[in-house]
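Peer 1: Okay, here's what each chain looks like letter by letter:
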Amino acid sequence: MKTVTGLALAVLILVNSALADDIVMAPQKFSHCVTCHSVELAGNQSVDAPNLSVLESWYVEKQLIAYTRLWRGHAGDEHGMEMAPMAAVLDDAHPGIADRRDAQSSTRS
Amino acid sequence: MDYSRRQFLNKVGAVAGSGTAYQISMLLGLAPSQAEATPRAKLTALSGDPVRVIILGAGISGLVCAYELERAGYEVTVIEASPRIGGRNFTVRGGDVIDEMGHRQVCEFDTHPNLYFNAGPARIAAQHRLLLGYCQELEVALEYFMDGNRQAWAHDPNFADGKPIRAGEYVASARGFMTELVAKSIKRGEFDKRFSDEDAELIFEYMRSYGDLKPNGSYDGSSRAGYASGGMTEAPTYKTPLDFQALFSNFFWKSRMSDTEGWDLCAPMMQAVGGNDNIVKGFIRNIKSEIITNAPVQSIMQDTGGVAVAYNRDGTMQTIEADYCMTSIPAHLLPGIKNNFSSEYLAGLSSLGRGKLMKIALQMKERFWEREAIYGGITWTNQTVEQIWYPSQGINDKKGVVLGAYPFEDENQMALIRMTPQQRIDLAMEQGSKVHPRYGDYVESGVSVPWYRMNFMMGCGAEWSEQARHQYFSLLQKPDRRHYLIGDQISYHTSWQEGAVSAAQHALNHLNQRVSAARSA
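First to last, the protein sequences are chains A and B.
Throughout the first sequence, residue numbering follows my numbering, covering 1 to 109 in sequence.
Throughout the second sequence, residue numbering follows my numbering, covering 1 to 521 in sequence.
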C-alpha cells in the first residue's frame, strides 16, 4: 500500500519535471512503464498508452490493483488486456500491490 | 517476317531451350522482374575532421550502418536499450531470457547445436543480395532452409473430417481439376474465337503438362499426389482425386498454397548454420566501435550544430553528442522519447502500426515428423497456430525444436499475444495434436516470442497502411535535419533482414552525399 502511494507520488513529481526544459528520468521503479508511456510518463498514443503524469495518486493506485485482479484487462477490454500482464510484473517491484492482492485472495478462500 | 512476340518466343524456345527463351524474354521486358536490390553504399573515405554518428538500436540495420561508417573513417557509437545485440534477429537457445513485458521467460531447451529457433527472421531468400553479400564478407556459414514442402500437411479441421492431407496431394488435385476444366473447354472448341488451332493445341499441351492430365485431357490422379499403394516392388495405384467441392472449401488454397511462388519465399531459401544470430555475431566481430547495451534512450535533441542523445545507463543519465544520428528505434516508440522532430515527421512516425508477428517453439523429445516423411518445411493448419515448421537442421537427430505457431491472421496473432506463455504452449500442443497424433506427448519445453510485447520493441515489423505509405514514406525516408530513420520499418520489405539492410544503405548513401558535398564546398 505504501509502495503504491509512493509510486503515485513519484508520478505527480514528474508532472512538474516534465515542464522543465531538461529531461528528468523517471525513477528506476518506472523502468517497466516508460517504454510505452514515454520517458516522462506523458503517454504515447502510438501504442495506446495514456498520460500517467496527470493522474491523481489514488487513481493510479486503484488501476494497478484493478489490473492485478483482472477487474480491468478482462476479455473485451482490449487495451486493458495489454496492460494487465504489465501490472502483474509489478509483484516484484512493488510488494505493496502483491500484499494487497494476497490479502484479498486469502479473504476469498 | 511479321512475328508476334509469342511466335518469336516459340521459335527461340524450340531451338535453344526454355532458358534462352527466358533470357531473351527478359530483354524484351516480358518476364516479371524481381525486386530491385538497393545498391550497396560506397562511402567516400573521410580524412581531416572526424564526423561523429550515433546509431540508436543494435539490430541488423544499425549494425550495417556501424560497420560501413567506421570502415569509411566515421566515429561511431551504437546505443542499444536492451542487454542483447541483434534486435529481432534473435536465436533462442537453452538458458536464454525472453524479455516479454509482464511475462519474462527463460528457455529450457537442451544445450545442443541444433536445438534452437530463430524467433525473428528465420529465412533468407536467394534474392536478398545485400544480406547474402554481408554473410559472405563476414564469413557467416549458410545452409539450405526448407520452406515449402509438398510432403508436409495441409490441415483444415473442416475438411475430410479433419484428417490432414499432404500438400502435394492437395496441389495435384487442385491443378488437375483446374487444368482439366480448361483442357475440356479447348477440346469442345470454346476457345476457337480467341485462339488459332495451333495456339489452342499449345495451350492444351501446357494444361496437360501443368496438371498431369491424360492424353484426352482428363485428370484421373497423378503420382504427384503420392500413391495409394505400391510404386516400388508392387504396381502403383493412384489416389482418388480429391472431390472438387471439398477441395475448394479447404482453406489451403485461400491462404498459403501459393506462398512459395513468391520471389522472397521460393526455393532455395537459406539460414545461418547454428542460428541466424551468427549474422549478428559476424557484425560484432568486425565492428570496433563501442556498442553500449542496457541503455534506453531518453531524448534525441538536435540543432544546427549537431545531435544530443541522452540515455539511461544503470539509473544514471548519460549524454552523448554527434554530428548525425541514425535510429532504428521502432517508429511507434519514438514519439515517447523526448525529441524536437518536426511535427510532420512526428505525424509520420505515429502513422506506422505495430506488427503482431509472434512465434512459439517447442522442444520435441523425438523427431516424429521425420517418421511421417517430413524433413523440414511447413504444415499449414486452419487453426489459431496456423503454421508448424519442422527444423531444417539436425535431420535424424534424436530431438528437434519445432515451431509450433506462427500466425499471420490478425485475430490469431492477438489471441495468442494476449495469453500467458503457458496458455500459448497448451494451445499449440492441443492444436498440433490435430495434425500429428500424440504431438503434445513429445513436448519437453516451450517458449513464445510475441514481438508485440517484447521489451523495448512492443511490435514486430511496422505495419504501413496505404494512406501512410502515400503520405509519409518518402518523408520518413529523408532525414529530419540530422536524424535518419533506419531499420526494416522504413522499407517496402518489412519484417525481413533485407529490408533492414536496404534501409541502411539508403540512409548511408544520403549521408555520404551530404558529408561529401559539405567537404567539397
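Worth flagging that the hints you see were computed from the coordinates, not collected in a lab.
Ideal Cβ positions, reconstructed from N, Cα and C, are used throughout, including at glycine.
Check before you lean on any hint, since a few could be wrong.
[Unchecked claim] Partial list, computed: chain A residues near chain B (C-beta under 8 Å): (1) 45; (2) 85; (3) 86.
[As the list claims (entries may be wrong)] To give an idea of the interface, some chain B residues facing chain A are shown, with a C-beta separation under 8 Å as derived from the structure: (4) 257; (5) 418; (6) 456.
[What the hints assert, rightly or not] From chain A, some residues computed to sit far from chain B (all C-beta separations above 12 Å): (7) 36; (8) 38; (9) 47; (10) 48; (11) 55; (12) 57; (13) 58; (14) 62; (15) 65; (16) 66; (17) 67; (18) 69; (19) 81.
Peer 1: Indicate, hint by hint, whether the structure satisfies it.
Peer 2: Hint-by-hint comparison with the structure:
For residue 45 of chain A, the suggested interface contact is upheld, since its CB lies about 7 Å from the closest CB of chain B, less than 8 Å. Taking 8 Å as the C-beta contact cut-off toward chain B, the hint placing residue 85 of chain A at the interface holds, the least distance being around 3 Å. With a cut of 8 Å, the hint placing residue 86 of chain A at the interface with chain B holds, because the nearest CB-to-CB distance is about 5 Å. The beta carbon of residue 257 of chain B is not positioned within 8 Å of any beta carbon in chain A (closest approach about 32 Å), and the interface hint is therefore violated.
Annotation: residue 418 of chain B was flagged as interfacial toward chain A, and the flag holds, the nearest CB pair being 5 Å apart, inside 8 Å. About 6 Å separates the beta-carbon of residue 456 of chain B from the nearest beta-carbon of chain A, less than 8 Å, and the hint is met. The Cβ of residue 36 of chain A sits about 6 Å from the closest Cβ of chain B, inside the 12 Å cut-off, so the non-interface label is violated. The claim that residue 38 of chain A is not at the interface with chain B is violated, since a C-beta of that chain comes within 12 Å of its own (minimum 3 Å).
Chain B draws residue 47 of chain A into its interface by the beta-carbon criterion, the shortest separation being 5 Å against a cut-off of 12 Å. With a closest Cβ-Cβ approach of about 10 Å to chain B, residue 48 of chain A is found to fall inside the 12 Å limit, against its non-interface label. Listed as outside the interface, residue 55 of chain A is consistent with that label: its C-beta sits roughly 17 Å from the nearest C-beta of chain B, beyond the 12 Å cut-off. With a cut of 12 Å on Cβ distances, residue 57 of chain A stays outside the contact zone with chain B, its closest approach being about 22 Å.
Non-interface status of residue 58 of chain A relative to chain B is upheld: no Cβ of that chain comes within 12 Å, the nearest being about 24 Å off. Annotated as non-interface, residue 62 of chain A keeps its C-beta farther than 12 Å from every C-beta of chain B; the closest such distance is 19 Å. Even its closest Cβ contact with chain B, about 16 Å, leaves residue 65 of chain A beyond 12 Å, as expected for a residue assigned away from the interface. For residue 66 of chain A, the shortest C-beta to C-beta distance to chain B comes to about 15 Å, beyond the 12 Å cut-off, and the non-interface label holds.
Look at residue 67 of chain A: its CB is around 10 Å from the nearest CB on chain B, not clear of 12 Å, so calling it non-interface is violated. Listed as a non-interface residue, residue 69 of chain A keeps its Cβ farther than 12 Å from every Cβ of chain B; the least gap is roughly 15 Å. Against the 12 Å criterion, residue 81 of chain A falls within the reach of chain B, whose nearest CB is about 5 Å from its own CB.
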